[in-house]
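Peer 1: Next come the chains, spelled out residue by residue.
2 protein chains.
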Amino acid sequence: MSEVKAYAAKSATSDLVPLEITRRDITAEDVEIEILYCGVCHSDIHTVRNDWKNAKYPSVPGHEIIGRVTGTGDQVTEFKEGDLVGVGCMVDSCQRCSACKENLEQYCENGATFTYNSKDKHLGGHTFGGYSETVVVDKKFVLNIPENLDIKAVAPLLCAGITTWSPLQLWKIKKGDKVGIIGLGGLGHMGVKFANAMGAHVVMITTSPSKKEDAKKLGAHEVLISKDKEQMKEHANSFDFLLNTVPVGHDANPYISLLKRDATMVLVGAIEPLEPIHGGALIGGRKRVAGSVIGGIKETQEMLDFCGKHNIVSDVEMIDIQNINEAYERVVSSDVKYRFVIDMKSLKNSN
Amino acid sequence: MSEVKAYAAKSATSDLVPLEITRRDITAEDVEIEILYCGVCHSDIHTVRNDWKNAKYPSVPGHEIIGRVTGTGDQVTEFKEGDLVGVGCMVDSCQRCSACKENLEQYCENGATFTYNSKDKHLGGHTFGGYSETVVVDKKFVLNIPENLDIKAVAPLLCAGITTWSPLQLWKIKKGDKVGIIGLGGLGHMGVKFANAMGAHVVMITTSPSKKEDAKKLGAHEVLISKDKEQMKEHANSFDFLLNTVPVGHDANPYISLLKRDATMVLVGAIEPLEPIHGGALIGGRKRVAGSVIGGIKETQEMLDFCGKHNIVSDVEMIDIQNINEAYERVVSSDVKYRFVIDMKSLKNSN
Chain S
1 MSEVKAYAAK SATSDLVPLE ITRRDITAED VEIEILYCGV CHSDIHTVRN
51 DWKNAKYPSV PGHEIIGRVT GTGDQVTEFK EGDLVGVGCM VDSCQRCSAC
101 KENLEQYCEN GATFTYNSKD KHLGGHTFGG YSETVVVDKK FVLNIPENLD
151 IKAVAPLLCA GITTWSPLQL WKIKKGDKVG IIGLGGLGHM GVKFANAMGA
201 HVVMITTSPS KKEDAKKLGA HEVLISKDKE QMKEHANSFD FLLNTVPVGH
251 DANPYISLLK RDATMVLVGA IEPLEPIHGG ALIGGRKRVA GSVIGGIKET
301 QEMLDFCGKH NIVSDVEMID IQNINEAYER VVSSDVKYRF VIDMKSLKNS
351 N
Chain E
1 MSEVKAYAAK SATSDLVPLE ITRRDITAED VEIEILYCGV CHSDIHTVRN
51 DWKNAKYPSV PGHEIIGRVT GTGDQVTEFK EGDLVGVGCM VDSCQRCSAC
101 KENLEQYCEN GATFTYNSKD KHLGGHTFGG YSETVVVDKK FVLNIPENLD
151 IKAVAPLLCA GITTWSPLQL WKIKKGDKVG IIGLGGLGHM GVKFANAMGA
201 HVVMITTSPS KKEDAKKLGA HEVLISKDKE QMKEHANSFD FLLNTVPVGH
251 DANPYISLLK RDATMVLVGA IEPLEPIHGG ALIGGRKRVA GSVIGGIKET
301 QEMLDFCGKH NIVSDVEMID IQNINEAYER VVSSDVKYRF VIDMKSLKNS
351 N
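Line by line, the protein sequences give chains S and E.
Our numbering puts the first residue of the first sequence at 1, with every later residue one more than the last.
Our numbering puts the first residue of the second sequence at 1, with every later residue one more than the last.
It cannot be assumed that every hint is accurate.
In this list, chains with the same sequence are indistinguishable; a pair is considered to hold if it fits within one copy or across any two.
Think about it this way: if two alpha-carbon atoms lie no more than 30 Å apart in a straight line, the pair counts; the simulated DSS-like pairs of lysine-lysine are [unchecked claim]:
(1) Lys212 - Lys298
(2) Lys233 - Lys101
(3) Lys53 - Lys260
(4) Lys119 - Lys337
Treat the hints as calculated values from the structure; they're not laboratory data.
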């Protein structure tokens, strides 16, 4: 075991502060990674602030991890020292249930081990995320990162990227489909990029007219202001698919009215009660509302390979770990385009 | 044009009373039908009482019509005098839009003409339903009724039957699937019969322990009492499909918890706002909620043929038209097993 530097919240109300944490020794199937970059996900904030009432302290968040391999176990042939790798939201799962067998570890029936705030099978206690110098992870949960990409901007692909990629793939978005991406934040901006790369006619659906120009730069072909009832009416019953990235409970009925018959809106953000959905709105057009959470390891690798091929990364703003608390405030007030990424070199300067 | 006897509500607060209405002359593509039986659907009551705020008066409801052909237009070769036929919820549609071209007239983009309370393209005014002596209908909306069935019990297949058949078919219910039918009324009892005939393991999901025995007689293999939290927990994440026939707004979250990953609950009854659905419940298991309304003419005929082959009809209680107002009260208080059907011979005795 080794003690490594990290940043942690000690309680729901504390700022993140420097703290030493323990990483396990490398077992036969493990990969040890020196962390270079770590993205800042809204879930990090929900967790350290105990918004979901399940936080364990000290809490070391971070599940958009990019780094270099510094060591491997005896049974690891897939990775070698110096490889550029990533770790996303999960570090383990049962590998036996039907979900795991279908490469959908995120739905593991025995509960996936998440990168932070999950039970740690090796050391006891709970898992610590990527706001730290190193991480030791089972090889099955380590991803290859294409070397041609701007690697600091790859970090957010490991959560924001796969969360939007997975439903676009599962619902088979193809050339010519009219796809709406609802909400332009960390998730939404990746949704626009992916849907565009898949050949869809992409409509950014936002409450903020100010986001119009940005949305077009990201790849949206049209921007629909959801507060404008006339515009919403013009687009009624016209969408093949909607990806709803709104991160809080909201009134989904106006969006449902945009769906074609038999079309689906997938929620990826709102882990909260929605306002009442009108049954008639679904029944009258055989419309569907579904949910989706991150993605399995196999499809995460497929996404990364796709990004390497199409040169897709996130739009990021780099910060030092010492500025993490300020960054959290800016995330909460949606003041980031579109993802903060921590340059983990800065951690070396912390006490 | 001819004047025929009917029963109608003259306002939202009036009882149904005898009234003469006008039926059009047979045009080239029309079929004239003497009505023998007409089912009593909850929608009839919603309409005459103006619950949906769109009622037109006088209101002659009834869209579960069984009768004999008494006349046909020049261009009708599909039907001849004496044929046993049915008319369901629709009597016309645009026949040009993508929905009509896919045999899904119920989603006609230009608005299907419903059997009652729709704009009447021939006579002006609005359409009058099956609580009447005769009806004249475009041949494309007339169905063949298998002569081997108990025809008075066939009437409810034309709405309650197709409403439950269509989603079970679309979601490809097959042998061995665990299918839950939520709510045991006019729709639910048909859902149980169909799901059983398709080879599913059928679970009746009801709030009423008193319905247990009946549900098993209808073909349910198990009965799950939705108020019993322990039972609900035992069945969590285990259903391949849920058909939700609850006719009013309700809390759908306990039912969503019953779905397997990737499984769908289809609403066919609640044309009202649902209580807030928790986004996390959908996201956590990639679960889906959808809606479905009646069915197209082609699939209605397929259902009737299936019923002929498998000897499936509704469980009905026969009434005379003179007892319709009392029957409505009993429908509203769920005091019917499971559908009232009017013996339209009784209309001859009305003034």
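Peer 1: With reference to the structure, classify each hint as holding or not holding.
Peer 2: Right, here's what the structure says about each hint:
no.: 1; hint: Lys212 - Lys298; verdict: neither (34 Å within a copy, 45 Å between copies)
no.: 2; hint: Lys233 - Lys101; verdict: between (44 Å within a copy, 24 Å between copies)
no.: 3; hint: Lys53 - Lys260; verdict: between (38 Å within a copy, 25 Å between copies)
no.: 4; hint: Lys119 - Lys337; verdict: neither (33 Å within a copy, 52 Å between copies)
The structure is inconsistent with the numbered hints 1, 4, although it conforms to all the rest.
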